[in-house]
Amino acid sequence: DAGVTQSPTHLIKTRGQQVTLRCSPKSGHDTVSWYQQALGQGPQFIFQYYEEEERQRGNFPDRFSGHQFPNYSSELNVNALLLGDSALYLCASSLAAGAGIEQYFGPGTRLTVT
Amino acid sequence: KQEVTQIPAALSVPEGENLVLNCSFTDSAIYNLQWFRQDPGKGLTSLLLIQSSQREQTSGRLNASLDKSSGRSTLYIAASQPGDSATYLCAPWGSSNTGKLIFGQGTTLQVKP
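Respectively, the protein sequence lines represent chains A and B. Counting from 1, one number per residue, gives the positions in the first sequence under our numbering. Counting from 1, one number per residue, gives the positions in the second sequence under our numbering.
Note that these hints are calculated values from the structure, not bench results. These figures come from a predicted structure and were not determined experimentally. You can take every hint at face value.
If you want the ones that stay clear, here's a sample from chain A, every Cβ over 10 Å from chain B, calculated:
(1) Pro8
(2) His29
(3) Glu53
(4) Asp62
(5) Phe64
(6) Asn79
(7) Leu81
(8) Leu82
In silico contact screen, one side only, chain A against chain B (beta carbon under 8 Å); selected entries:
(9) Pro43
(10) Arg55
(11) Gln56
(12) Leu88
(13) Gly100
(14) Tyr104
(15) Gly108
(16) Arg110
For every residue, glycine included, the Cβ atom is placed at its ideal position computed from N, Cα and C.
Bound conformation, chain A alone:
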């Protein structure tokens, strides 16, 4: 049973560039959430996708956008990168978008902005 997968593993970008991160949910899961984790901090919720729509959004600027495909995989796009966007980006999947549904996390993508 494949777990949550993310690509790429590591990424180095320059300020002002754009980046796309990818996530495939655990088999059978239909909901994908994205989190940003700065060094030494707990993960911060970015947004959640269910039925190809953004269902919830955390306190992140519009530079952060996403998409969910019919096969439930998801992309996170960040435009006009800032140095402060350097972080570990985590994808989590779950069966349904309700509260209290167990979340399964992927290995993350380490983004470094120089």
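Starting from the known structure of chain A, arrange chain B on it as the hints suggest.
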């Protein structure tokens, strides 16, 4: 608004000790609480999910307890091993954070051989 605090922030113990990690949350109206483990630079691994109707949940050497009324959960690790070295995070699900997990900063555990 849900806020999560984990104490201590860091812990270093010799191998074999039993230890307790603490998690406090401000909104006690929760559905459940999930404990995670994170190795350096890696993703989160779910350890235990304890429902609001439960007081305890066990998996191997791990035991999580939940006291909703006081807004507290503890993770007990028995007979610690060097392989337990990691950061441990708790995340309560509640009506004030429907659809998203709220994390504290975690407790970083080092178990010395």
